[in-house]
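Q: As given, the protein sequences belong to chains R and A, one line each in that order. Taking the working numbering, the leading residue of the first sequence gets 745, the next gets one more, and so forth. Taking the working numbering, the leading residue of the second sequence gets 745, the next gets one more, and so forth.
No false leads were mixed into what you were given.
List of simulated lysine-lysine pairs, DSBU-like, C-alpha gap at most 30 Å:
{"#": "1", "chain 1": "A", "residue 1": "856", "chain 2": "R", "residue 2": "1162"}
{"#": "2", "chain 1": "A", "residue 1": "1147", "chain 2": "R", "residue 2": "1162"}
{"#": "3", "chain 1": "R", "residue 1": "952", "chain 2": "R", "residue 2": "919"}
{"#": "4", "chain 1": "R", "residue 1": "776", "chain 2": "R", "residue 2": "1147"}
{"#": "5", "chain 1": "A", "residue 1": "789", "chain 2": "A", "residue 2": "746"}
{"#": "6", "chain 1": "R", "residue 1": "789", "chain 2": "R", "residue 2": "776"}
{"#": "7", "chain 1": "A", "residue 1": "886", "chain 2": "R", "residue 2": "1147"}
{"#": "8", "chain 1": "A", "residue 1": "1162", "chain 2": "R", "residue 2": "856"}
{"#": "9", "chain 1": "A", "residue 1": "1162", "chain 2": "A", "residue 2": "886"}
{"#": "10", "chain 1": "A", "residue 1": "1013", "chain 2": "A", "residue 2": "758"}
{"#": "11", "chain 1": "A", "residue 1": "856", "chain 2": "R", "residue 2": "856"}
{"#": "12", "chain 1": "A", "residue 1": "1147", "chain 2": "R", "residue 2": "1147"}
{"#": "13", "chain 1": "R", "residue 1": "836", "chain 2": "A", "residue 2": "1147"}
{"#": "14", "chain 1": "R", "residue 1": "1013", "chain 2": "R", "residue 2": "758"}
{"#": "15", "chain 1": "A", "residue 1": "1160", "chain 2": "A", "residue 2": "856"}
{"#": "16", "chain 1": "A", "residue 1": "836", "chain 2": "R", "residue 2": "1147"}
{"#": "17", "chain 1": "A", "residue 1": "776", "chain 2": "A", "residue 2": "1147"}
{"#": "18", "chain 1": "R", "residue 1": "991", "chain 2": "R", "residue 2": "1013"}
{"#": "19", "chain 1": "A", "residue 1": "836", "chain 2": "A", "residue 2": "886"}
{"#": "20", "chain 1": "R", "residue 1": "758", "chain 2": "R", "residue 2": "776"}
{"#": "21", "chain 1": "R", "residue 1": "1147", "chain 2": "R", "residue 2": "886"}
{"#": "22", "chain 1": "A", "residue 1": "1160", "chain 2": "A", "residue 2": "776"}
{"#": "23", "chain 1": "A", "residue 1": "1160", "chain 2": "R", "residue 2": "1147"}
{"#": "24", "chain 1": "R", "residue 1": "1147", "chain 2": "A", "residue 2": "856"}
{"#": "25", "chain 1": "A", "residue 1": "1147", "chain 2": "R", "residue 2": "856"}
{"#": "26", "chain 1": "R", "residue 1": "856", "chain 2": "R", "residue 2": "1147"}
{"#": "27", "chain 1": "A", "residue 1": "1147", "chain 2": "R", "residue 2": "886"}
{"#": "28", "chain 1": "A", "residue 1": "776", "chain 2": "A", "residue 2": "926"}
{"#": "29", "chain 1": "A", "residue 1": "856", "chain 2": "A", "residue 2": "776"}
{"#": "30", "chain 1": "R", "residue 1": "952", "chain 2": "R", "residue 2": "1013"}
{"#": "31", "chain 1": "R", "residue 1": "1147", "chain 2": "A", "residue 2": "1162"}
{"#": "32", "chain 1": "A", "residue 1": "952", "chain 2": "A", "residue 2": "1016"}
{"#": "33", "chain 1": "A", "residue 1": "1016", "chain 2": "A", "residue 2": "991"}
{"#": "34", "chain 1": "A", "residue 1": "952", "chain 2": "A", "residue 2": "1013"}
{"#": "35", "chain 1": "A", "residue 1": "1147", "chain 2": "R", "residue 2": "1160"}
{"#": "36", "chain 1": "R", "residue 1": "886", "chain 2": "R", "residue 2": "1162"}
No lab work stands behind these hints: they were computed from the structure.
There are 2 protein chains.
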Amino acid sequence: MKQILHGHIVHAPKLGALEILENGYMLLENGKIAGIAGALPDDWKGCEIIDYSDRIIMQSFCDMHLHAPQYPMLGMGMDLPLLEWLNTYTFKTEARFADVDYAREIYRRLAKELIDNGTTRVCAFSSLHLESTLVLMEEFEKAGICGFVGKVNMDRNGSPELQENTEDSIRDTIKWLDACPKDAHIQPILTPRFTPSCTNELMAALGKLAKERGLYVQSHLSENTSEIEWVRSLHPDCPQYWESYDKYGLFNSHTVMAHCVHSDERERKAIKDHNVVVAHCPDSNINLISGVAPIRQMLNEGIWVTLGSDIAGGAILPMMGVIAEAIRSSKIRRIHSNWTVDFLTVAEGYYLGTTSGAHYFGAGDGFANGDPLHAIVIDDRHYVDTHRLSIRDRFERAIYRAKTDDICAVYSAGRKVK
Amino acid sequence: MKQILHGHIVHAPKLGALEILENGYMLLENGKIAGIAGALPDDWKGCEIIDYSDRIIMQSFCDMHLHAPQYPMLGMGMDLPLLEWLNTYTFKTEARFADVDYAREIYRRLAKELIDNGTTRVCAFSSLHLESTLVLMEEFEKAGICGFVGKVNMDRNGSPELQENTEDSIRDTIKWLDACPKDAHIQPILTPRFTPSCTNELMAALGKLAKERGLYVQSHLSENTSEIEWVRSLHPDCPQYWESYDKYGLFNSHTVMAHCVHSDERERKAIKDHNVVVAHCPDSNINLISGVAPIRQMLNEGIWVTLGSDIAGGAILPMMGVIAEAIRSSKIRRIHSNWTVDFLTVAEGYYLGTTSGAHYFGAGDGFANGDPLHAIVIDDRHYVDTHRLSIRDRFERAIYRAKTDDICAVYSAGRKVK
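Pulled out of the complex, with its shape left as it was, chain R reads as follows:
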């Protein structure tokens, strides 16, 4: 089936490159991009045109780190640092997902809010609960979200209401993996919560599973200085935090590590050499007073950087807002380097929130030919524009103002989902 979307087309094929085509045509065959053209090619004349005239068709977002069961506490507990926040708010909130009906209700709402804000691909943590994790995957699937969801493993240092024993954790993980539909848009990813939450035995079992089944892994790395100290005391044989994952085969190509705020040169080299993906979570890192990650440095070193909302350590769900916070964080690094380190431009921030994450899911650069369409359409015609703003300015306003209602359509894997 051939379809054409007509409007202003904006995408970021490379870091810092923003391609803008005014009044262009996006050609689709069975939901896959067949080309972008300034004028309608002859062999496409007569095909269905979906008219987004004077609206902006741009790439949708990838949220590479979020905690789905923390959604009910979004925007709360922000006066507490990481480890206290975990114990006071987070573990209690996650424990409620033992109730599958509750999970269904919350996850349906979360999926809707993600799609409404143009997040079409995710790398998400569930809770430790097997059934609720399957519910989360179902609700994401139904809403049209693609990507990965992980049942959390945690067999130590949890709370009375939120902890597994090692045997249950391994058994439930295998049950869960076996229960995941093979052809779904949402696939499983192994998810040891973080080193302090997992015994060596559990880590070893997860490493074995990753290898046997060719699974990807997601976890947390070097978010907070106290956490780093804690890991050091738990793994005195590991000079650095990342090695507590690596020794169990959990620090591989396409492992997603959230935060990496305090990763020094040696750890960053390991991240790069192992082709590990950094999920930078700017809002969370400031809210929980963790620090400000050296993103420009990572990019200069060739590290694969993506963005995450990290709800609910992050209080901002729309990735447009997360991109703006990533830019702000990079400006803070600039200020504190005495104005020597470059900040992220809007085009760069947008690349990190779109293409860089999309690569994880096998997509090409920007709106690449052959890729299933992941896009949002911005309708900003309600703003006064007597002086004809450039599409570049309107794009930037969409990112900074981050208005959910301005997103009038969302496409995910070629399907219209909003």
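Guided by the hints, dock chain A onto chain R, whose structure is given.
A: Chain A alone, transformed into the frame defined by chain R:
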């Protein structure tokens, strides 16, 4: 006329103190607060009750620094530092306000967006245009906004399309002052743009006007290091920036100075001793890479700190969002002080965005008896709440999520304006 609002009542009478009354009653006489009570007093029984059951009645916001004519460029040009941004975007945008019809249309929309987001009191810059400034005051008045608006003075270092000569600037200022309605909720405030924009002759004339007519003054101070150098070269006789205002009688009690990012101990002492009000603009200071103001230090020193959106250097209009950014900025100061300086709690941020600004307009502490009501009502009942959140948590969520649509009612000077 007696009226009663019934709901959860939240206010911040002192820095760091958040008073919460569940299922309380706000007693109003002719729009003025006559008391807050946990149970309805006998002599109030039978009066009209406006039922906000299970909604949160809380203080509305004061935006102590915003540039009304920059509203059309909100969220744009964020890749540029202050002085370039002024020349590329700002001056061009402000110049359009020579057109009164354009001003009417833009200012009507701005006023609506402010009220919709619960900003009921402002200290706002207009452009240099006399007529459009009166239009801004009218539109704010109509929308129910209270506070101060200033016709900008700038007779040097503007742009070809945006600059006055000295004589016109003084003459138009007097004409404007004489044209302002005496009994309006919006009153005039003298507004030299900033030292580099005003000749000594103009500054002297404004100082004279301030004294003769007992007018307040607003301007910018120590926002950016290049700007500070520039002021030094323009006023070699002034050891510090603030003295370039003080020598013309423009650094007085109730002068509002935006930013003060780089004010050192001596300048901060002058701010304190002169009872000058700091309008902290956290989002703008990061967007324009100016720096991160030492707000905790200022508070410890007893300086009067308030908050401003500084649109459009700031890209966030809702003061809920500005409060969250102020908290984030304070956490950045904490990170960069090696976790020694305290961050702003949510209660403290809220105080700065409400009571501290309200004092400027003569209000008391929090919901003080005798004050005309300035309040918003948060309806957050659409969120799932199967586990009965505390009012404190719901209040915090309202600040962090900053959803315009969650504000179901706004009261300004005792009148319901949304």
